[in-house]
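A.B. asks: Residue numbers (full-length UniProt numbering), protein chains in the order written: chain A, 1 to 377; chain B, 1 to 377; chain C, 1 to 377; chain D, 1 to 377.
What the hints contain is simulated information worked out from the structure, not anything from laboratory work.
Warning: the hint list may mix true and false statements.
Result set (BS3-like, lysine-lysine): computed pairs, CA atoms no more than 30 angstroms apart in a straight line [to be verified]:
no.: 1; chain 1: C; residue 1: K179; chain 2: D; residue 2: K179
no.: 2; chain 1: A; residue 1: K179; chain 2: B; residue 2: K179
no.: 3; chain 1: A; residue 1: K372; chain 2: A; residue 2: K179
Simulated restraints on C-beta separations [to be verified]:
no.: 4; chain 1: B; residue 1: P292; chain 2: A; residue 2: G63; range: 37 to 47 angstroms
no.: 5; chain 1: C; residue 1: E35; chain 2: B; residue 2: A73; range: 15 to 25 angstroms
no.: 6; chain 1: A; residue 1: G170; chain 2: B; residue 2: D118; range: 45 to 55 angstroms
no.: 7; chain 1: D; residue 1: K372; chain 2: C; residue 2: E228; range: 46 to 56 angstroms
no.: 8; chain 1: A; residue 1: G340; chain 2: C; residue 2: D291; range: 51 to 61 angstroms
no.: 9; chain 1: B; residue 1: R48; chain 2: A; residue 2: E153; range: 47 to 57 angstroms
no.: 10; chain 1: C; residue 1: E228; chain 2: D; residue 2: R342; range: 30 to 40 angstroms
no.: 11; chain 1: A; residue 1: E341; chain 2: C; residue 2: E147; range: 28 to 38 angstroms
no.: 12; chain 1: C; residue 1: E228; chain 2: D; residue 2: A229; range: 33 to 43 angstroms
Just so you know, even glycine gets a beta-carbon here, dropped at the ideal spot from N, CA and C.
There are 4 protein chains.
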Amino acid sequence: MARQLNFGVIGSGYMGKAYAIALRALPTVFRLPAEPICDMLATTSAGRAAEQARELGFRRSTGNWRELVEDPAIDVVAICSPTYMHREMALAAIAAGKHVICEKPLALSSAECAEMADAADRAGVCTLVGYNYIKNPATALARQLIEAGEIGEIVHFRGTHNEDFLMDPGLPMSWRLRKAFASEAGALGDLASHIINAAHFLCGPVAEVIGESQIIHAQRPNTAGVLEAVENDDQTQFLLRFESGVMGSIEASRIAAGRKMGLTYEIVGTRGTLLFDQERLAELKYYRADDPPHLQGFRTILIGPEHPDYGHFCIGTGHGFGYNDMIMVEMRDLVEGICGERPLWPRFRDAVHTAEVVDAVGRSQRERRWVKVGESE
Amino acid sequence: MARQLNFGVIGSGYMGKAYAIALRALPTVFRLPAEPICDMLATTSAGRAAEQARELGFRRSTGNWRELVEDPAIDVVAICSPTYMHREMALAAIAAGKHVICEKPLALSSAECAEMADAADRAGVCTLVGYNYIKNPATALARQLIEAGEIGEIVHFRGTHNEDFLMDPGLPMSWRLRKAFASEAGALGDLASHIINAAHFLCGPVAEVIGESQIIHAQRPNTAGVLEAVENDDQTQFLLRFESGVMGSIEASRIAAGRKMGLTYEIVGTRGTLLFDQERLAELKYYRADDPPHLQGFRTILIGPEHPDYGHFCIGTGHGFGYNDMIMVEMRDLVEGICGERPLWPRFRDAVHTAEVVDAVGRSQRERRWVKVGESE
Amino acid sequence: MARQLNFGVIGSGYMGKAYAIALRALPTVFRLPAEPICDMLATTSAGRAAEQARELGFRRSTGNWRELVEDPAIDVVAICSPTYMHREMALAAIAAGKHVICEKPLALSSAECAEMADAADRAGVCTLVGYNYIKNPATALARQLIEAGEIGEIVHFRGTHNEDFLMDPGLPMSWRLRKAFASEAGALGDLASHIINAAHFLCGPVAEVIGESQIIHAQRPNTAGVLEAVENDDQTQFLLRFESGVMGSIEASRIAAGRKMGLTYEIVGTRGTLLFDQERLAELKYYRADDPPHLQGFRTILIGPEHPDYGHFCIGTGHGFGYNDMIMVEMRDLVEGICGERPLWPRFRDAVHTAEVVDAVGRSQRERRWVKVGESE
Amino acid sequence: MARQLNFGVIGSGYMGKAYAIALRALPTVFRLPAEPICDMLATTSAGRAAEQARELGFRRSTGNWRELVEDPAIDVVAICSPTYMHREMALAAIAAGKHVICEKPLALSSAECAEMADAADRAGVCTLVGYNYIKNPATALARQLIEAGEIGEIVHFRGTHNEDFLMDPGLPMSWRLRKAFASEAGALGDLASHIINAAHFLCGPVAEVIGESQIIHAQRPNTAGVLEAVENDDQTQFLLRFESGVMGSIEASRIAAGRKMGLTYEIVGTRGTLLFDQERLAELKYYRADDPPHLQGFRTILIGPEHPDYGHFCIGTGHGFGYNDMIMVEMRDLVEGICGERPLWPRFRDAVHTAEVVDAVGRSQRERRWVKVGESE
């Protein structure tokens, strides 16, 4: 493993730390074609960056993300900043010839996403978007079973991404609730995008949607205690048709009492059904119509070394798989993708589709009709 | 209990037998204002009717339903025949001054339902429609908790009624699959109507819908083995707005592999959430945001004597509640309703709303837009 | 169904009502060789008996159980009185040539049980003991699967019967807590006996045990509010060896917080495992080692018409099965058993074994060693 | 974090890799008083050690564990070798003044364990034994709730550690199945020891036991295909009394079909109950008797930042927690313990108790009676 990949991470919050954990442990978990190095960390101030770099194990730090992006030693730029900054950062990184992994949602609109994907294509750099939940072995297994025909032809998809982190109306305003910083798609952009991406991964692209969104807590206090208007949705729901003709529906909420990580899907086929719930992330439920009638029932498959990726973490089935393990699979994909050993997915180009679905849902609500994904305005 | 109510049941299939079981056991389970009597059974032939009457415990039988409807000794007519016969039978029973309980869906269209409801109103007879699942104590508890404000203001409703009894494409054609006998609403009319009714019961009437339906197995063999076209949907899904403004969605399928009695709902409120699954019919899951943060989680409430109706069947919590027990609650409601001791719900009038929602979903698909429930053509 | 069987029921409490419900509905559910009639009810006063008879649907009543037992019209005596009265009532009924169904536990000791079984054998009457939980279709399926070899050779049995109806230390003294009325086996006699019987049904007779019991709430208030000593155990646990050599364990409690009907068992075999929990009485969980490795997992089988008995109640799988349905299966067994169409189980003779296990657990605690079931004192 | 702790790990199998992953990621997850360094790896051959050291990220390697143990730069020795080697390695490490973490079971008998604990005490080095499952935040929460009185006084404990990795009788002989290498306690020593340790952690030390064990697959093929005798148990079960007087039971199996990581416990108290299952390691079920009667039920608490340790890994409740995360908590405990910032548990001294329980179960089977833990021979 002579080759090294120097990572520069922008942002030291939740995802920045998760990336650092994953990058540190990665070479011990997997045999990799290159060793990822936590090289530089950028946050909004030099002092804070230096302190965080020490804590998270980066060699260098900066209070200016442009410095990181332009540093010749950096091979890969990881963007973990608020959504509205993604475009500028990613374009700068691409311009500097860096490979880029960017947190989701990729940008404020599908147009921005497309601009970023175009730039990456022209520059010939590798990209990946942080739709990390599809990196779960249980979801990889779901895809394997679908491809192997174990549920027959897909008939219906229902997906959710429900959480309740904003259910308390007393929680303060934040950038996530503002149009300029997080787009007018709230739960739709932040959460539904995960399950849209999973639907894409499992059932192919989406052709058409109709939906609606709503704001339940219309105002929240700012830091001065003054109420300000929330500018994007707390909750969304939409019907969809995949390009394959399969029917489906998706819902997402950030105020769904009791749901902590409620990314779920149910995929019904002509010969079986798959059920998944990210709150029990190391299980896949499977009903098989070919079992003898008196022995039929949903079985709970505990993920183990007989399924994708898990065996690198632990040799015992059902011993547990965690959030950061999922991020490690994502980083493994990235490293191997950059080294040409694996196709990358979802790239910026693939995330354009997710963003187009989000945009189409918004338009379908404004125009009260079914909207084709990618339909011109 | 000097008063008696003579029941005449039309149809000796699945529901006819369930009614007979319930009527027989009813006076032992509940203290009733009147004793229901299994008086007469009507099926399509006199011989078959006589045999079935003996087996199910009816005093008399007939091969001609009009004879039953017009018999002066009959107080209540129970209609358990295929959908297309409901209207004629119900109108005849009402004309003869009988109280009527009719299986669901009430009729082939909302117009037919309204005609029947109007006739009943004019005649001043009592009516009930066999949306039996809302008679479950768990669902009665859900309504109690909602009314007591235990989940705060309702924010979202998601309901399903998924089964798989028609998932095998080799199963033969039947009246349920034909427009003339079961309407052009297949799973939509037969199954979604149950969960639409439950939504009505729990969250109030529906104002607007948009949806679509599909036929997956387009042809099925008739008794001669010749393939014939299936004329109504295997599966449906739609978005809805309640009159209260609450957002929701409903789906139903008769080909949902693995689902045997998949009537489920999730009702999210501002302070809690309720989950129900008819496959575990004696449980209600409840999340309460007011629990201390480190002790929060969905709790599984096992239904017992501290909840509605259950104590009449058994004094031990969690000892079990069955399908026929639910029918007994329904019959108890009917008997008490006829005796003026309890408001009846859902009456024919209430089922008009369910039928209007079904009709509106159909129209929303044809016109590819949101349709108001009850919107004039 | 010309033949009739006149039932005389002693006791109008919980079980008396359950019997009445079952007997009333039985002929509508099953095709029976004889019609059971709710003929006479006996309770402790003539007035109360008359009132209850009216409510529960008996033709006649008495305040003197001997009158019932000796009435020539009575064919079957059902004993639903407190345990300490079982022996005298059953012996009188047997002496009068009646068939007898008796609630569990059958008597205060295995010696009493054996005396009752001997009397029944000499008189040639049919007997049945009210271990109703084994009448559940899910448990009948478990036995079918074991007999069909679907889990290979049995390796281990673990059973529980945990409830919490006495967890509140403020609940008053009752006959169940007194040695003279309910034996010195409290939870052991009242609850563990159910799961011992189920173990016997599923895995054969028990050869040896060692266990211990404890009283947690040593005193309870009598009706005058004065604290009195509780005389039998709140909780028990024991290890056992079946005659087959299989190892197992059983526990029971009447103070197990949260358990409402916690009769559960896990039966591990060399090729699979079965799990059952009476709180979800219409499900059986099954793990099959012969499934392909990546598709293995416990499956949840929902009970339906493809399993024993259920189809008589409902034609839809997973539509629900209740406590009183289970009692109906028990009564069906009794009626068919009396008519010679089915072997009865568990008879008085079979309940002797259960009582011997209970006695042996008591002795094993006193002598602090393994005790053979039936070992002479 | 100027201070560094050089780790020398003996063994590069399953646990060796898990330790390496944990040590690498640890400083990024937690703020530590010292930085753990993967310094040296020892396996049975120099070549293999060098290769594995490269893969797992160790600086140095050796084919001779004594070299590692005696290396002056090593601060902590981690022993991940088969059980029979623990004693010799640990004593050598202690003699060299190293801190030691040793995999479980600590040694072949309680006498060996005591010898090792004595040596550590005399040398004044820190020790920890790899009973990693108690490091799970869910179990830490269980202990918190018990200590806070949330379930009242403990009444009963039931624990299991069931897996099925040896259920296939065709699997070959291994050191785990031989008396000389793994003791005569098979599942009892390897698996039950985990749940004994957890019982100790949650309910205090055990005073008395009675149990039995069995070998189901008596012979297994060696590498030449010749059948050899299995020398220790496939399965064990025992009753126990804690020193507190609380009653309990434990079972363990390595052939329990369907169980992959079946470490479970149920702790019943006078005011509530806790349920845990390691197959759903980020959940704790809790029943609270103080809830209003109609709202009582087991709640499923998803572990989050409001519970112990989890927040260092992820800020979102219910986002997942994995096997290697648990090992990181263990290593954090070790590093902080060595730095004097936290009491270490379970130390070698604490594992003596576990071993004494195991020994007592063995003796109770030989002598067919209750045996006091630590009872002299």
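A.B. asks: State for each hint whether it applies.
C.D. replies: Consistency of the hints with the structure:
{"no.": "1", "hint": "K179/C x K179/D", "in the structure": "violated, 48 angstroms"}
{"no.": "2", "hint": "K179/A x K179/B", "in the structure": "violated, 48 angstroms"}
{"no.": "3", "hint": "K372/A x K179/A", "in the structure": "holds, 24 angstroms"}
{"no.": "4", "hint": "P292/B x G63/A: 37 to 47 angstroms", "in the structure": "holds, 40 angstroms"}
{"no.": "5", "hint": "E35/C x A73/B: 15 to 25 angstroms", "in the structure": "holds, 24 angstroms"}
{"no.": "6", "hint": "G170/A x D118/B: 45 to 55 angstroms", "in the structure": "holds, 51 angstroms"}
{"no.": "7", "hint": "K372/D x E228/C: 46 to 56 angstroms", "in the structure": "violated, 34 angstroms"}
{"no.": "8", "hint": "G340/A x D291/C: 51 to 61 angstroms", "in the structure": "violated, 38 angstroms"}
{"no.": "9", "hint": "R48/B x E153/A: 47 to 57 angstroms", "in the structure": "violated, 41 angstroms"}
{"no.": "10", "hint": "E228/C x R342/D: 30 to 40 angstroms", "in the structure": "violated, 50 angstroms"}
{"no.": "11", "hint": "E341/A x E147/C: 28 to 38 angstroms", "in the structure": "violated, 53 angstroms"}
{"no.": "12", "hint": "E228/C x A229/D: 33 to 43 angstroms", "in the structure": "violated, 58 angstroms"}
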